[in-house]
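Trainee: As a plain string of letters, each chain reads:
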Amino acid sequence: MVLLCAALPVLAQDMTGDPLLPDPREMTRIETSVDRALEYLAQQQRPDGSWPSGIGNNNGINGICLLAFLGRGHVPGRGPYQPTVDKAVNFILTTQNDKGLYRSVNASHGPMYEHALATLAMIEAYGGIPNAVMRQSVQKAVDLIVNSQAPLGGWRYQPAPNDADLSVTVMQIVALRAAMNARLHVPEATIERALRYVRACAVPTGGFAYQPGGGPGEARSAAGILSMQLLGAFDDPAVTNGIDYLSKINFGHGVGHFFYMAYYGMQAHFQAGGDSWARWHPRTRDFLLNNQNDDGSWPGWSEQKFNGPANCYSTAFAAMSLEVYMHYLPAYQR
Amino acid sequence: MKQWLLKSIGVGGDITSRVDDLQWMLARPMAAWIGLALLVPVTWFIIRRHRRNLPHVGAAARWVLNFCRVAVLLLLVMVLAGPYVRIEEQVTRKPVLAVLVDESLSMTLPAGPFEADELAAVARASGFDPTNADHRTKLQSMSRLMLVDAAMTASREKLITPLEERFDIQAYRFARRSRVTELGRTLDAPLESSDADESNLGDAIGKALDESAGRVMAGMVVFTDGRWTTGADPVSHFQRIPGMVGGDASPAPLWAVPVGAVNAMADVALLDALTPGRVAQGDSATIIATIDSQGFDKRPTKVKLLDSAGQVLDTLDLTLASAQRQQAHLKFEAVTAGPTMLTVRVEPLGEEQVTANNEMTVMIDVDPERLRVLYVEGWPRWDFRFLDHAIRRDKGLETTIVMEAALGDLVKKPDDAQAAAAQAALLPQDAAGFAQYKVVVLGDVSPALLTPRIQRQLAMAVEEEGLGLIVQAGSRHMPHRFADGPLADILPVHVQPPAGAAAADVNADGGALAPAYAPFQMNVTATGAIHPIFRLYDAPERNRQIWSRMPTYYWANHGGEVRKGATLLAQTVSRSEGDARHPLMAVQFAGRGRVLYIGTDSTYRWRRNIGSHLFYRFWGQAIRFVSGSAESRGGESSWMEVYPTRVEPGEQVTIELYAVNRDSEPIDVPEVQLKASGNDMVDTVSLMNVGQPGRFKGMWKPMELGQYSLAYIDGRGKSVTGTVQVAGSNRELRRPDVDRDVLAALGEASGGGMIEFDQIHQLPKLLKGEPRTETTSHEAEIWDNWLVLLLLVTLYCMDVGVRRVMGLN
Chain P
281 MVLLCAALPV LAQDMTGDPL LPDPREMTRI ETSVDRALEY LAQQQRPDGS
331 WPSGIGNNNG INGICLLAFL GRGHVPGRGP YQPTVDKAVN FILTTQNDKG
381 LYRSVNASHG PMYEHALATL AMIEAYGGIP NAVMRQSVQK AVDLIVNSQA
431 PLGGWRYQPA PNDADLSVTV MQIVALRAAM NARLHVPEAT IERALRYVRA
481 CAVPTGGFAY QPGGGPGEAR SAAGILSMQL LGAFDDPAVT NGIDYLSKIN
531 FGHGVGHFFY MAYYGMQAHF QAGGDSWARW HPRTRDFLLN NQNDDGSWPG
581 WSEQKFNGPA NCYSTAFAAM SLEVYMHYLP AYQR
Chain S
43 MKQWLLKSIG VGGDITSRVD DLQWMLARPM AAWIGLALLV PVTWFIIRRH
93 RRNLPHVGAA ARWVLNFCRV AVLLLLVMVL AGPYVRIEEQ VTRKPVLAVL
143 VDESLSMTLP AGPFEADELA AVARASGFDP TNADHRTKLQ SMSRLMLVDA
193 AMTASREKLI TPLEERFDIQ AYRFARRSRV TELGRTLDAP LESSDADESN
243 LGDAIGKALD ESAGRVMAGM VVFTDGRWTT GADPVSHFQR IPGMVGGDAS
293 PAPLWAVPVG AVNAMADVAL LDALTPGRVA QGDSATIIAT IDSQGFDKRP
343 TKVKLLDSAG QVLDTLDLTL ASAQRQQAHL KFEAVTAGPT MLTVRVEPLG
393 EEQVTANNEM TVMIDVDPER LRVLYVEGWP RWDFRFLDHA IRRDKGLETT
443 IVMEAALGDL VKKPDDAQAA AAQAALLPQD AAGFAQYKVV VLGDVSPALL
493 TPRIQRQLAM AVEEEGLGLI VQAGSRHMPH RFADGPLADI LPVHVQPPAG
543 AAAADVNADG GALAPAYAPF QMNVTATGAI HPIFRLYDAP ERNRQIWSRM
593 PTYYWANHGG EVRKGATLLA QTVSRSEGDA RHPLMAVQFA GRGRVLYIGT
643 DSTYRWRRNI GSHLFYRFWG QAIRFVSGSA ESRGGESSWM EVYPTRVEPG
693 EQVTIELYAV NRDSEPIDVP EVQLKASGND MVDTVSLMNV GQPGRFKGMW
743 KPMELGQYSL AYIDGRGKSV TGTVQVAGSN RELRRPDVDR DVLAALGEAS
793 GGGMIEFDQI HQLPKLLKGE PRTETTSHEA EIWDNWLVLL LLVTLYCMDV
843 GVRRVMGLN
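Those protein sequences? They're chains P and S, same order as listed.
Residue 281 is where the first sequence starts when you use our numbering, and the numbers rise one by one after that.
Residue 43 is where the second sequence starts when you use our numbering, and the numbers rise one by one after that.
These are calculated hints, taken from the structure and not from any lab test.
Just so it is clear, CB atoms sit at the ideal spot from N, CA and C, and this is done for glycine as well.
Just to be clear, a hint being listed does not mean it is correct.
As the list claims (entries may be wrong) - Covered by chain S, per the in silico footprint, the following chain P stretches (three or more residues, Cβ under 8 angstroms):
id : segment
1  : 378-385
2  : 402-408
3  : 598-610
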């Protein structure tokens, strides 16, 4: 009987198996892994709706944890994680100041990293919260990003139009792309200048630099490719060269900012599609599935400093990397 | 003599041959005793009377007359006593064993390639000499069906005879349909291709179970390659019988015998070619080919897209990866308008034994003009964000979007006030303005934007101008806050207004919480499965499986009942409500226009694990289906719409007809008939009135391949027609290897299992049940038959004859 119970789901899948859909056994493994991760994150959430991190109470961590739930299709107001998602949205909402900044209680280098991640999460959450308060909040957050763009086209740590680097810029671009999807007001000139800046960071031999003229890095190359794709420059040589650059790296947690790279790498290769995606996603998938802890979290490895008392940073990024297969977040639709 | 007598009194011939004991009985023995007792004095009286009254008659004649009278009376006494015979017989009852042999197209494939050990075992099981090189060669290339026949012939003594001694064997062969045969007998007549191109194992099992109903069933043995391509899930036959699944109590354990080699044959198969269904002329479309291969790892090949003339339209180089699904994206430039047949072909490799699965023909409709669509949405919910993205990429649509939430923002920005006014102006204010579009999609829009006056104009454009309308429910406004307005009158479901606290809880945005169902699964109805909106494949069952397998939904508007004449496409199935079902999607005609209601705002959930393919296939087809115009659906002339226009044999076609009389008025009759013709046949199809004058709907199920025409002649003598193409599925050869996993699971689900081909001599040991001998008794009345009547008539005639001869009165 036990054997039969085990066999019936497989049988049902085989009989309904369809070439249109990915291998159901593989998807079951991925979905199970993500569900365990979300269960872990739900347990770690503080009563006020935020998550613990090595930086303290940081909206960057709160944003990616919220995105991890949204990326599995758990939208506000509905489903088994309704309290978790609603509390997270309400917490981030309360941190917004008059200028529109989702201000972290404990900021890292500067507030713009965290603000961009929180803005992205809130814009996606707005899709399930149809009220004026939410709309005004996300529009103000987007306006802040628009007004903080440096003359070069990029962004830096502080909400002021002074300096720029690719790492901060990429996160603003993803948030702006989500804003455009949500029909929020984003001036076209902002997008054009941002694209110019990212293109300037491209290294001719492949990959992207931290600032124009620098050398390439794995994580920022993944992010640079994705930001160009999200801005519509799919066929730009910098994208092709960047994909080629990433194909040669020694994939594993020894890569600097591994989780950041894994997430943006999955999204970038998904956007590229075809052979690039076919070659990249099994590496990330297998690595993450094979390294998940028994409690559903992932170890932080070299980024443990962001995790702090709990593995929320690494777990949220890993879950989001696997959620690329699920195609739920509107911001990343191809 | 005994048997003759039993037959003469009407006891069945089959019983008389098995009679072991006979008992002659009387139903009313008392009547016999009294009758006989009375007969003694009556006999004395008759003899005395004849002697006194007929002294001139000779003694012999007088004794004959005495005999006749007494014999008649004796016969009457015996009839009154009710004589009958009780027959006892010994009957041996055997349990039924159903043997099902797959004779579909895939069974004509070679059974090999076998490994050396496997070849030797199969050779022994099928009567070949494993040491004989010719025999080995012959076995490797022998078809799967011929291998089964060879094994049946070779194992008559060891397998079939012992089985026949223990069981009543019911033998069937199955493909699309099942037919009765004899075990071990090869059928001479080959199957027609339209019958052989599907394996309907579920139907065959159902037939075997039905025909053995009321009898003990020892089990079923199925010889197959493990692929069933149509019909009900075979497991469902075991699940529906309480206590049967996997239990020893199963009265019909199934033993699956895989026919074919364990190792998959080297093969490249084109599993699927997914098209967008429709594209606009001048646009380009991507056709996604899914390829599976075995045994050709890292071998290069080409994937080609060809038109109906065989001209190559696109080519992709592909390096094969064994045992992996690969996808190739081919480009199609839509140059010519109309239905276009395209062939996707993976170039066969030299060693491939099956090349029929290397190509697939698909159809794309090329629209001559772009459809103008107005999409009015309340706020950027996720469905909007995905649909907005998809319809902007659909070059067959020219879409105008009005976002209600954005209007307020724009107004607050002084520099964009002009833009706000411009966007607000995009919403038509009268029916003529709406009629500039072919389709209007309404999202979660508020009554503040869609005022009663605008609703009336919109409804007028739908009813009189043939505008298509899609209404997608939302949690704030749609359609519950329009319950009493003109919009609700044209929807295919009755709208439920918010009740109780929700009705009073109108928030600052004017939204009120919708009455909702959650959580639920979507169940596509039988009609929905063949409907153009849900259509992915020609096979309805496959469509239903795909759509019904979607993840749990957490919101659906609490729509009321479906209106009379509307077509229900999908329902919610809520486990928390004991599998209660409520309308989720429905479509109907409102005047000349079609209206589609979608009760959930979560169609984005169809993107799970696959992206836009299903999501936009649905929306793209929905927009095209409802689109229409007053010209194509005029009120003064008849028109017909037939869908789908391409089906597989046995699939239903839906026909919708608008019919007018000689005065161009819609006819008011309960039923009309039209002719279906083609493929040397003519059929009559009845269409029933759907509750509106002139509107009729019906189904037709073509069974044979070919092109068919459906024609109706209206009251003015004008003919309206539609066409249907019936084509084979080509699924049989798509995956030529034997699927042992599925067969093992099926066997286990039934309480049986899988047994390898070379082990079939073990079947008598595995099958439970022995013949049982039972004693049964039958009773037959003796008097109610021709023999007694003949005796009576003879006695009467003898009496009358003697009297006439003697000159007596």
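Trainee: Give a verdict on every hint.
Mentor: Evaluation of the provided hints:
1. 378-385: violated (count 0)
2. 402-408: holds (count 3)
3. 598-610: holds (count 5)
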